[in-house]
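According to this note's numbering, the sequence shown is numbered sequentially starting from 38.
By construction, these hints were calculated from the structure, which means they are not laboratory data.
Beta carbons: idealized from backbone N, C-alpha and C, even for Gly.
A couple of the hints might just be wrong.
Said to hold, decoys possible - Straight line, CA to CA, 25 Å or less: simulated DSS-like cross-link-like pairs of lysine-lysine:
1) LYS191 with LYS222
2) LYS305 with LYS275
3) LYS191 with LYS275
4) LYS222 with LYS276
Unchecked claim - Distance windows between CB atoms, simulated:
5) ASP162 with ARG79: 46 to 52 Å
6) SER178 with HIS65: 28 to 34 Å
7) LYS360 with LYS287: 21 to 27 Å
8) GLU185 with ASN266: 43 to 49 Å
9) HIS65 with LYS40: 41 to 47 Å
10) SER66 with GLU238: 27 to 33 Å
11) GLY295 with ARG356: 30 to 36 Å
12) THR333 with LYS287: 15 to 21 Å
13) ASP68 with ASP361: 34 to 40 Å
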Amino acid sequence: MKKYDVYGIGNALVDLEFKVSDDFFETHSIDRGHMTLVDENRQNQLMASIDHNQTKKQSGGSVANSIIAVSQFGGKTYYSCKVANDEFGNFYMHDLKEAGVDSNIHKGDSQEGITGKCLVMVTPDAERTMNTFLGITEQLSPAEIDEEALKDSKYLYIEGYLVSTASGHEAMLRAKRIAWENGVKTSMSFSDPNMVRYFRENMDAVVGAGMDLIFCNEEEAMIFTGKDNILEAREEMKKAAGTFAITLGKDGAMIYDGDTFIDIEPFKVNAIDTNGAGDMFAGAFLYGITHGRSYTQAGKIASLASSQVVSQFGPRLRRAQAKDILNHIF
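Build out the structure end to end from the sequences listed, making use of the hints.
Encoded structure:
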């Protein structure tokens with residue numbers, strides 16, 4: 038029996054989430070609705086404009102959010118990442134531990150540098166925009182991979198954001214190779230439309246001959262496949278993955294289980310913050326399929342979990358909420 042349900046690798050970022058007005062983006066010349074990589078000076082300028090009393094701080098990064106979700110539902114997880122020996126790095130390490138996630142980072146192991154941070158700006162319509170300074174996570178490399186933990190996992194889950202750096206891309210390829218050689222199923226998230234659009238060669242190299250499971254949203258699926266409608270895109274996605282899940286926001290999701298397309302109905306809620314919805318969907322879905330649930334059942338868990346996370350501020354549920362979701366579905 039495998040020790041871990043899901044082994045994740047991705048950027049370690051401390052999420053600093055705050056509410057902004059619609060004119061905040063024009064005032065500060067921010068590309069709304071997407072993730073943009075920025076340098077430390079730019080991020081500091083934005084942080085100086087924030088009411089820090091209204092800022093929520095959590096360990097984050099796309100795959101980290103998903104891995105924590107798996108843990109909250111009762112799964113066993115491991116996360117490979119890179120943080121610095123600073124205040125935010127120590128916070129990140131302790132937050133992962135509190136979430137029940139095993140990791141390659143331990144007290145005293147961190148290096149000199151600056152831990153990455155992501156400013157998550159949420160507008161009244163619940164849309165989230167991210168400006169990210171990668172810091173030391175830009176140096177994430179194959180050295181951060183714990184091969185024994187990866188070999189002892191059911192699924193590898195790779196963060197698409199890693200395609201933006203040479204060492205991160207190398208780590209993605211190395212992790213996938215280890216997984217394939219040891220019978221570990223491979224999964225990944227495209228993470229953001231800009232990763233597919235601007236780092237296409239690296240993304241294609243990771244997908245390679247195919248993944249066992251890909252998570253993406255509607256826009257990412259169409260950019261990746263070059264199709265201008267989702268029905269054509271989902272057919273083309275079969276060439277990239279044995280199974281996949283395409284999230285459709287308020288319209289739910291569509292899942293391909295390797296044989297049939299499954300429509301996952303949304304749970305109607307009043308959305309106040311979409312940050313982490315896709316990460317929660319992936320984490321809840323991975324929990325489901327690693328715990329004997331069908332793709333339909335896993336999709337229902339994921340849909341309800343993501344609907345609950347958008348109805349509150351922040352990308353994470355409480356363990357009690359995760360338990361209630363399972364009780365509601367089953």
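Here's how the hints hold up against the structure:
1. For the hint pairing LYS191 with LYS222, the CA-to-CA distance comes to about 6 Å; that is within 25 Å, so the pair holds.
2. Distance check on the hinted pair: LYS305 and LYS275 sit about 29 Å apart at the alpha-carbon level, beyond 25 Å; violated.
3. Between LYS191 and LYS275 the CA atoms are separated by roughly 22 Å; this keeps the pair inside 25 Å, and the hint holds.
4. At roughly 17 Å between alpha-carbon atoms, LYS222 and LYS276 fall within 25 Å of each other, so this suggested pair holds.
5. The hinted range of 46 to 52 Å is not satisfied by ASP162 and ARG79, whose Cβ atoms lie roughly 25 Å apart.
6. Look at SER178 against HIS65: about 33 Å separates their beta carbons, and that is inside 28 to 34 Å.
7. For LYS360 and LYS287, the hinted distance range of 21 to 27 Å is satisfied, since their beta carbons lie about 25 Å from each other.
8. Between GLU185 and ASN266 the beta carbon distance is about 44 Å. The supplied range of 43 to 49 Å therefore holds.
9. Range check, HIS65 to LYS40: about 45 Å between beta-carbon atoms, so the 41 to 47 Å window is met.
10. Against the hinted window of 27 to 33 Å, the Cβ-Cβ separation of SER66 and GLU238 comes to about 29 Å, which satisfies the hint.
11. The hint said 30 to 36 Å for the Cβ distance between GLY295 and ARG356, and at roughly 31 Å that hint holds.
12. Distance hint for THR333 and LYS287: a CB-CB separation of about 20 Å, consistent with the stated range 15 to 21 Å.
13. Under the hint 34 to 40 Å, the C-beta atoms of ASP68 and ASP361, about 37 Å apart, fit the expected range.
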